[in-house]
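Asker: The chain contents come next:
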Amino acid sequence: MTTSLALDIGLAGLILAIGIWTVFARDSLAAVIGFVGYGLLLAIIWVRLSAPDVALTEAAIGSGMTGMLLLGAAARLRPAGNQSTRTSLGGRFAIGVLCGMISAGLAIAILFPPESIPSLAPTVMQNLAPSGLGNPVAGVLFVFRALDTLLEKVVLILALLGVWSLATDRAWGGVPGLRIYLEPSNTLTFLAQLLPPVGVVVGVYMCWVGANVPGGAFQGGTVLAAMWLLVMIAGLRNVPRIDGFWLRFLLVIGPVIFLAIGLAGFVLADSFLAYPAGYAKPLIVAVEVALTLSIAVTLGMLGAGPPERSRHS
Amino acid sequence: MNILLNIFTVLAVVAGAFFFLAGTVGLLRFPDTLTRLHAITKADNLGLGLIILGLLPLTSGPIQALKMISVWLLVQLSGAIVTQLIARAVRLRGLQE
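Quick note, the sequences are listed as chains X and Y, same order. My numbering puts the first sequence at residues -12 to 300. My numbering puts the second sequence at residues 1009 to 1105.
Bound conformation, chain Y alone:
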């Protein structure tokens, strides 16, 4: 059982790290702000989500697990909002020019 859980942790964290890598490559390589935002949100939401999912079996109890899930939810919320605000600023600037 323990070995299964460990395998699950390694797989999920590696998958999460892959999304971070992909998001970072996108951030560096994509041509404009909107596509870069598209790339980086995948890292925040899916990457962090998978890493936290993978770490859940290692937590000492339900309270700690709940704290980690709240961290993911808060990062998702702030990430989504900040992305919207940046995209909005880009659009408004585009309309002015």
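Chain X on its own, in the form it takes in the complex:
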């Protein structure tokens, strides 16, 4: 008991230290690396809180994918030098006050909990059986709160549209400017040839087992996206043009199938996003597979950045 308490206190202290260091780091690249370490520690804390699903997502999306996007942003800003516009005193004061209010609210919620903590967990476990799923987290995501999950995936595509809209007029519809390694490197080529077969198996596995144990579309899709980005960065495959038919088809296939099954619920199961009795599990697996593909392609293109080369060059 005392050992695990010491471990928890150590983790909490470490994450506080890294958080403070990241905020005060002067160099943007150093701050991003601090942020990635912060995300990995946060994933370990989620494991300590017995939430492996959240831990996997935090490690894959919060630390890995966001870290890569931030590294790309920091590298793009670097040539501009350190003439960054400092936020005005009033602005910084407002940010500080808002952050302080959020921290105070969270602290009050944790320090003074209500007599009986409200929880829907027993209800979820009682009603999970008809869906045929073994993982209560997948049950909440695809049965009880399916609308949230659907909107989440649409938001991901909106984020990609936001990145694409940074393109110049000339480059619109062209090829994303993923050119991190200008010089060909044998070592990187070796990794990009060796790792993807393993990574693809891991990604598909994570998506497949998500119905019964921790895992799922988001975690599996992120691993697939990472493998795709690795192959593109090493230059073994070209980055696709953003106006390609197949690219756009794969981007929307997940949400479209999800929405179609949701609409079919009006007819077959008398409400939006409801599954007809007995067919819940196969339908959910179909949605998860399509979502995994869409998430992988969306995250891969997010990592590749806005189009920079025109389609004619």
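These aren't lab readings, by the way, just hints derived from the structure by calculation. Quick caveat: nothing in here was measured; it's all calculated off a predicted structure. Treat the hints with caution; some may be incorrect.
[To be verified] Some chain X residues near chain Y, calculated using beta-carbon distances under 8 Å: (1) S172; (2) L175; (3) T176; (4) L178; (5) L181.
We put the CB at the ideal spot given by N, CA and C, even for glycine.
Here the structure of chain X is known, so what remains is to put chain Y in place on it, guided by the hints.
Answerer: Relative to the frame of chain X, chain Y by itself:
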């Protein structure tokens, strides 16, 4: 038999933790990037390898053991590659200056 296995686990994990400690001290104390890389790879490869070797008797079956060995192999692969890439970047920058 069980006590022997437990002693083996404790010894191997302690040895692994020692390599992590040594690697971290090296990372903090060594003078330049290349020697720091040299220090940190020892922690990744040998330290993690010993810890996983020590934990193998505690696994519930061969599948779980195989998963842990794959984790070690994957960390070794990525560690070795990333070290090579960083060292290469350092060398190229050195040639330019």
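Asker: Now tell me if each hint is right for this structure.
Answerer: So, going through the hints one by one against the coordinates:
The interface hint given for S172 (chain X) holds, since its Cβ lies 6 Å from the closest Cβ of chain Y, which is under the 8 Å cut-off. The closest approach between the C-beta of L175 (chain X) and any C-beta of chain Y is roughly 6 Å, which is under the 8 Å cut-off, so the hint is satisfied. Here the hint on T176 (chain X) is broken, as its CB sits about 10 Å from the closest CB of chain Y, past 8 Å. Against a cut-off of 8 Å between C-beta atoms, the interface hint on L178 (chain X) holds, since the closest Cβ of chain Y lies about 5 Å away.
At its closest, the beta carbon of L181 (chain X) sits 7 Å from a beta carbon of chain Y; the interface hint therefore holds under the 8 Å criterion.
This entry does not satisfy hint 3, going by the numbered hints stated previously; all others are met.
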